[in-house]
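These protein sequence lines are chains A and B, in that order. Here the first sequence is numbered in our numbering, starting from 1 and rising by one per residue. Here the second sequence is numbered in our numbering, starting from 1 and rising by one per residue.
Wrong hints could be hidden among the right ones.
Listed below are the simulated DSSO-like cross-link pairs for lysine-lysine, each with C-alpha atoms no more than 30 Å apart in a straight line [said to hold, decoys possible]: (1) Lys12(A) <-> Lys125(B); (2) Lys6(B) <-> Lys44(A); (3) Lys261(B) <-> Lys274(B).
Since the hints were made in silico from the structure, they are not lab data.
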Amino acid sequence: MIDFEEEIQRFKPSLEVEAVSDAIIKSDLTDMADIMMEIMKEIKEK
Amino acid sequence: MDYLQKIQFAANSYYNRGLEMAKERDLSGAALYLKRALQFNKYHTDARNLLGLIFYEMGETSDALTQWVISINLQPENNRADHYLDEVQRKPGQLEIASQTIKKYNQALFHAQGGSDDLAVLQLKRIVEEKPNFVKAHLLLALLYMEHGDHTKAGKSLFKVLQIDKTNQKAQRYMEYVKSRTGKADVEKRKMKNAFSHREMQDDDVILPPTYKENTGWQSIINIAIGLVLGAVLVVFMVMPARERSLNYEHNQEMRAYADKLNLANQKADSLQKEADQYRQEKEAAEENLSSLMGDSDSTLSQYGTMVQILNAWRKGDIQTAVQLYIGLDQSKITDESMAGVLGELQAEMNASAPAVLESLGAQSTAAGDYDTALHYYEKYMEINDKNPQIIFNMAMIYKTKGDEETADQLFGQVIMNFADSPLAESARAERGY
Numbered sequence: 001m002i003d004f005e006e007e008i009q010r011f012k013p014s015l016e017v018e019a020v021s022d023a024i025i026k027s028d029l030t031d032m033a034d035i036m037m038e039i040m041k042e043i044k045e046k
Numbered sequence: 001m002d003y004l005q006k007i008q009f010a011a012n013s014y015y016n017r018g019l020e021m022a023k024e025r026d027l028s029g030a031a032l033y034l035k036r037a038l039q040f041n042k043y044h045t046d047a048r049n050l051l052g053l054i055f056y057e058m059g060e061t062s063d064a065l066t067q068w069v070i071s072i073n074l075q076p077e078n079n080r081a082d083h084y085l086d087e088v089q090r091k092p093g094q095l096e097i098a099s100q101t102i103k104k105y106n107q108a109l110f111h112a113q114g115g116s117d118d119l120a121v122l123q124l125k126r127i128v129e130e131k132p133n134f135v136k137a138h139l140l141l142a143l144l145y146m147e148h149g150d151h152t153k154a155g156k157s158l159f160k161v162l163q164i165d166k167t168n169q170k171a172q173r174y175m176e177y178v179k180s181r182t183g184k185a186d187v188e189k190r191k192m193k194n195a196f197s198h199r200e201m202q203d204d205d206v207i208l209p210p211t212y213k214e215n216t217g218w219q220s221i222i223n224i225a226i227g228l229v230l231g232a233v234l235v236v237f238m239v240m241p242a243r244e245r246s247l248n249y250e251h252n253q254e255m256r257a258y259a260d261k262l263n264l265a266n267q268k269a270d271s272l273q274k275e276a277d278q279y280r281q282e283k284e285a286a287e288e289n290l291s292s293l294m295g296d297s298d299s300t301l302s303q304y305g306t307m308v309q310i311l312n313a314w315r316k317g318d319i320q321t322a323v324q325l326y327i328g329l330d331q332s333k334i335t336d337e338s339m340a341g342v343l344g345e346l347q348a349e350m351n352a353s354a355p356a357v358l359e360s361l362g363a364q365s366t367a368a369g370d371y372d373t374a375l376h377y378y379e380k381y382m383e384i385n386d387k388n389p390q391i392i393f394n395m396a397m398i399y400k401t402k403g404d405e406e407t408a409d410q411l412f413g414q415v416i417m418n419f420a421d422s423p424l425a426e427s428a429r430a431e432r433g434y
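All chains should be modelled from the sequences, with the hints used to inform the complete structure.
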């Protein structure tokens, strides 16, 4: 059984073209390599 | 192998898996793996560019642009994303259209979430017409249709979504719901059950050959057209001739009945014609009889009249007149019994008296040069008595005088042969030149 009200609320607005630049800026580009490098840096400092 | 290398390998593995799924049009699944690859290595350009392509394919142009722009920033040189961005921005107004479409979708979502379903449906229908691969718009439209019980239309929208992204979880879930409402789920369950069941064959089971195909609409139309043509051919070549034969038979029967009637009529006409002919013959015979009785001098009445004249002349003693009338009498016409008796008596008298009178009349006619009349009297004489050589000789002489030598010689011969002792025999010989 599908609950319409619940289901309709799960839909999110699409990213508008004008908001692309903001989205890019706000993008968290941290990857696993960054995290590893950070960890290794902290280990060396200790 | 250090940790960084291991991270690179992990990123590559996720990318490869994502690429495989993308090739199989499992776009949602591919997006998940590609995001995971980028979480391990943000510099994996191919993974990011492919993720952008997947967003673009699902109608999320802004998300695609975001990924491609980041990709260009992370790898400015030799990057395929440059080409993608160029493609999207090359056609004038395309980016603006994409922007408007996304805005319309967001507006429709706002209406839908606010309870203005009708407005939302109208907006979304227009959006999917303009951008048929906008997955989120299709999904929202399907949900609205489902809410209003229009499961068929919802199914159509969901079918399009699954054509774009075949493992889209939301679409699959909605589709299951739609199928359960339209009864298709039961049909599919039965099909699956039949496909994997191993029950024994029943008597009324039908085994369809592998070549059997359900007819499509056009095939059905073609089959109907072929059927109509075959039906027309059947009518032309089998039904029509039979009908024609039947009509001909009926016509022949009718003609035969008319012919029978005509024959009967002809027979009747012939019969009437025969009767008419018979009556006509009887009439002619009667007229002839009447004519023979009352007509010319040879008539019966005339002969009776002659009889009376003969008797009167005889009674008066005028024998010559009586004999002349007697030789002209047609005795065959005297049939009356009383008159026949009178005639018998008259014959006896005439046989006795007539020869002398006739000989005298013949001699007178000969002397007068009337040879034919003389011969007539002599012939009548011969009818009464043919044993008188003088009469035969006289006739021979008349024929000789008339130049009929042959008849004359024959008559002279009779005298010579039959009356050889008669003095006339010598004269006859002399006449014949013996």
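We went through each hint and held it up to the structure:
Pair hint Lys12(A) plus Lys125(B) holds up; C-alpha atoms about 18 Å apart against a cutoff of 30 Å. With a C-alpha separation of about 20 Å, the suggested pair Lys6(B) and Lys44(A) falls inside the 30 Å cut-off, and the hint holds. Under the criterion of a C-alpha separation no larger than 30 Å, the hint pairing Lys261(B) with Lys274(B) is consistent with the structure, at around 20 Å.
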